[in-house]
Structures are given as C-alpha cells and as structure tokens.
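Both chains are sitting in their own frames, so use the hints and assemble them into the complex.
Each chain is listed here by its residues.
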Amino acid sequence: GAVVSQHPSWVICKSGTSVKIECRSLDFQATTMFWYRQFPKQSLMLMATSNEGSKATYEQGVEKDKFLINHASLTLSTLTVTSAHPEDSSFYICSASPPDRENQPQHFGDGTRLSIL
Amino acid sequence: AQSVSQHNHHVILSEAASLELGCNYSYGGTVNLFWYVQYPGQHLQLLLKYFSGDPLVKGIKGFEAEFIKSKFSFNLRKPSVQWSDTAEYFCAVGPTGGGNKLTFGTGTQLKVEL
Numbered sequence: 089g090a091v092v093s094q095h096p097s098w099v100i101c102k103s104g105t106s107v108k109i110e111c112r113s114l115d116f117q118a119t120t121m122f123w124y125r126q127f128p129k130q131s132l133m134l135m136a137t138s139n140e141g142s143k144a145t146y147e148q149g150v151e152k153d154k155f156l157i158n159h160a161s162l163t164l165s166t167l168t169v170t171s172a173h174p175e176d177s178s179f180y181i182c183s184a185s186p187p188d189r190e191n192q193p194q195h196f197g198d199g200t201r202l203s204i205l
Numbered sequence: 010a011q012s013v014s015q016h017n018h019h020v021i022l023s024e025a026a027s028l029e030l031g032c033n034y035s036y037g038g039t040v041n042l043f044w045y046v047q048y049p050g051q052h053l054q055l056l057l058k059y060f061s062g063d064p065l066v067k068g069i070k071g072f073e074a075e076f077i078k079s080k081f082s083f084n085l086r087k088p089s090v091q092w093s094d095t096a097e098y099f100c101a102v103g104p105t106g107g108g109n110k111l112t113f114g115t116g117t118q119l120k121v122e123l
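In order, the protein sequence lines correspond to chains A and B. At position 90 of the first sequence (counting the first as 1) the number is 178 in the working numbering, and the numbers step up by one without a gap. At position 15 of the second sequence (counting the first as 1) the number is 24 in the working numbering, and the numbers step up by one without a gap.
Next comes chain B alone, as it looks inside the complex (with noise of 0.2 Å):
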C-alpha cells in the first residue's frame, strides 16, 4: 500500500528565510506527486506537481519541489519565505494517470514570523 511520510510537523521561520519541507512517499509503481497547501479557513490549493519530465517542478508563488526518483523523494522549497506563507502543506500521491486518489502526508504546519 502507499503511503506518504512528511517528516517536520511544525515549521516556524523568520521572514526571509529559506523553506525545505520533507516528503517521501512507499508506492509500488509510477506515480504523480503534488503539493497542497491550505491556508487558515480556505480549501485545499495546488502548489505544483510533477507528472513527468524535469524533476525540478516551479509552482506558484516562487515555490519548487524536486523529485528524486532514487529517494522517493519530493521537497518542496522556497528561498525566502513571506508571513503570507504561514499554512498547512500537504504532500501528496497519486498512480499515474488523472483525477485518481491521492493518498496525503500528515501535513507541515508553516508559521512565518515577522
């Protein structure tokens, strides 16, 4: 069975500093990775996902997230953190092909301090 381990739970940064988010995931097969994020009262959003190709995905807000393939591996990261960062981040995981299920880390709380 898949699974998908976030390894920090709760994040607190100073503005401007940098962001590296852990995620591994266990799946037997290829897959499309994504990150979520849901900031405080609103709905789930897509940050970026990788489906194939290059493994260093750019998504909005000047987030990017690598895949290693040999590591089971996709962090995201930011260079420089803003306040407006403060949220919870989903890692997520899906068998190839769209709309199917995702199976979701635990989440990382992010607080950005100013």
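Pulled out of the complex, with its shape left as it was, chain A reads as follows (with noise of 0.2 Å):
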C-alpha cells in the first residue's frame, strides 16, 4: 500500500537553530502534501498544504516565514522550522494521497517529534 515516510523521527537543538523535516511519498507521487502539528493530548492541526511546483498554502496563524516549506518535487516536501525556540516544540506529521482516482484517503507519515531546549 501506499507508504509516506518522514525524517528524522526525533530531533533535539538548542534554541536559534533551523531544523528542517522530509516528508517523502514511496511508492506514488503527490503533487499535495499536507503538513500537521500536534500538540500533547491535543488534535492534529493542519499548518498548510504543500503544493508541488507552487508556493504553499498556509493556514490562519501559521507563519510562513517560521515554517518554510518547499515541495521540490513529486516525492518529496520539506518542511523548515527556522530559528526554532521551544514554544515550536512539538509532534510535526505529514500527510499525502495518491492521485485522485476514488477518493484516496491520506496516508500519514510516522511523525517527528522536535524538542528545542
């Protein structure tokens, strides 16, 4: 089936440093991705939708100067947590589909969990 694999799983870094996260699709191409971040005990909260070849959509009260996100190419979106401070700590999971044919669900990506200290 189809797999989406993320990387790295856990990262820890001082505070100030850029941190940036793969999200690959294995075995299909997306030309969307989505990126979520979830909080302890709370929902996944969509951040934006990567778009292969275009800027991404952000959403309300996300900063897209803080989390950049660049989608190079039909397999693979990066997201980066730049400057990050420890209120950025948090679980980061991305998401795709393969192509529309009948309403592909998404599959998700193991998550990583970024702590800065």
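Take the hints with a grain of salt, since some may be wrong.
Partial chain A-side listing against chain B, Cβ under 10 Å, derived [unchecked claim]: (1) Leu134; (2) Phe155; (3) Asp176; (4) Gly197; (5) Asp198.
Note that these hints are calculated values from the structure, not bench results. Positions of the beta carbon are idealized from the N, C-alpha and C atoms, including for glycine.
See below:
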C-alpha cells in the first residue's frame, strides 16, 4: 500500500537552530502534501498545504516565514522550522495521498518529534 | 469553518465489551468522513472511510461506523474489543474530493483491560 516516510523521527536541538523535516511518498507521486502539528493531548492541526511547483498554502495563524515549506519534487516535501524556539517543540506529521482516482484517503508519516532546548 | 467534536476523551473498557465512540462534525458542504487509529509508537492508520453510498461502513479489525447525515454524526463501533485495540482514535472530516486537507477531532484514548 501507499507509504509516506518522514525523517528524522526525533530532533533535539538548541534554541535558534533551524531544523528541516523531510516527507517522502515512497511508492506514489503526490502533487499535494499536508503538514500537521500535534501538541500533547491535542488533535492534529493543519499547518499548511504543500504544492509541488508552487507556493505552499498556510492556514490562518501559521507564520510562513517561520515554517518554510518546499515541495521540490513529486515525492518530496520539506518543512523547515527556522530559528526554532522552545514553543516550537511539538510533533510534526506529514501526509499525502495518491492522485485522485477514487477519493484516495491520506496516508501519514510516522511524525517528527521536535524538542527545542 | 469546519469542526469535529469527539465527546469521549478517555475510554476504558474490559475485553469483549462493546465500543462506541462519538463523532460530530460541522461543515457547510458535502464531506468525506474518516476514522484513523494511532497505536502506541506508530503512525496514523486509516480504520475506515465514508465517501458516499451505504451510510454503514465497515473497516479493518471489525470496526464499523454509521454516517447519520441528519445528526452530522459518524460514530465508530465495535461489538467486542480486544486488548490490542488499545490506541488513540481520531475522527476526521474533509471536503469531497480525494487528497484534500482534513480537520481532525481531538481524539479518544481507548484503553482495553484484560
């Protein structure tokens, strides 16, 4: 079945560091990928929609200069948390779905736990 | 704006007990409905989905859900839970059309005791 790979799975770094998270669709091409953020004991909140070949679409309240998204190819989207601070510590999850043939559901990566010291 | 409400945040059941997890949504249009499960240490996995047709949908591992349009509900059920069903369950809603962004409920943590 469709698989989405996310890397790294865990990052611990100092405040002020920029962190890049990769999301890959392993056996299908995805023109659109989604980035979510999940705080402890809370739901997944959509941050942005990553569009291959064009700018990402950010949800209200998400700083586009803080969370840089690049959809470089049909199988790779990256999320870069720039100048990360402790409040950016969270669980980041990406998802993608194969091209729409019969309303394909999204497939999720394993997530990246980001801890900023 | 769309929203999804899951009423049960924590549920504890004994093995063989029946399960029903509530999910209500608010959305101004036709929707696709999903239940995802997240086992400890694993990624979100699709349990079942509703796009159209029979409002009673069956998913993996004996789960089913019923879409009641008049109640804006999509409750998840299983007649007899197992210890291995211990996980977090998320209800999600998205506009019709595959691959679109989803709105998730807050999740229900299910613990099944032996």
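How the hints compare with the structure:
no., hint, result
1, Leu134, "5 Å, holds"
2, Phe155, "15 Å, violated"
3, Asp176, "20 Å, violated"
4, Gly197, "6 Å, holds"
5, Asp198, "4 Å, holds"
Comparing the model with each earlier hint shows violations of hints 2 and 3; every other hint is respected.
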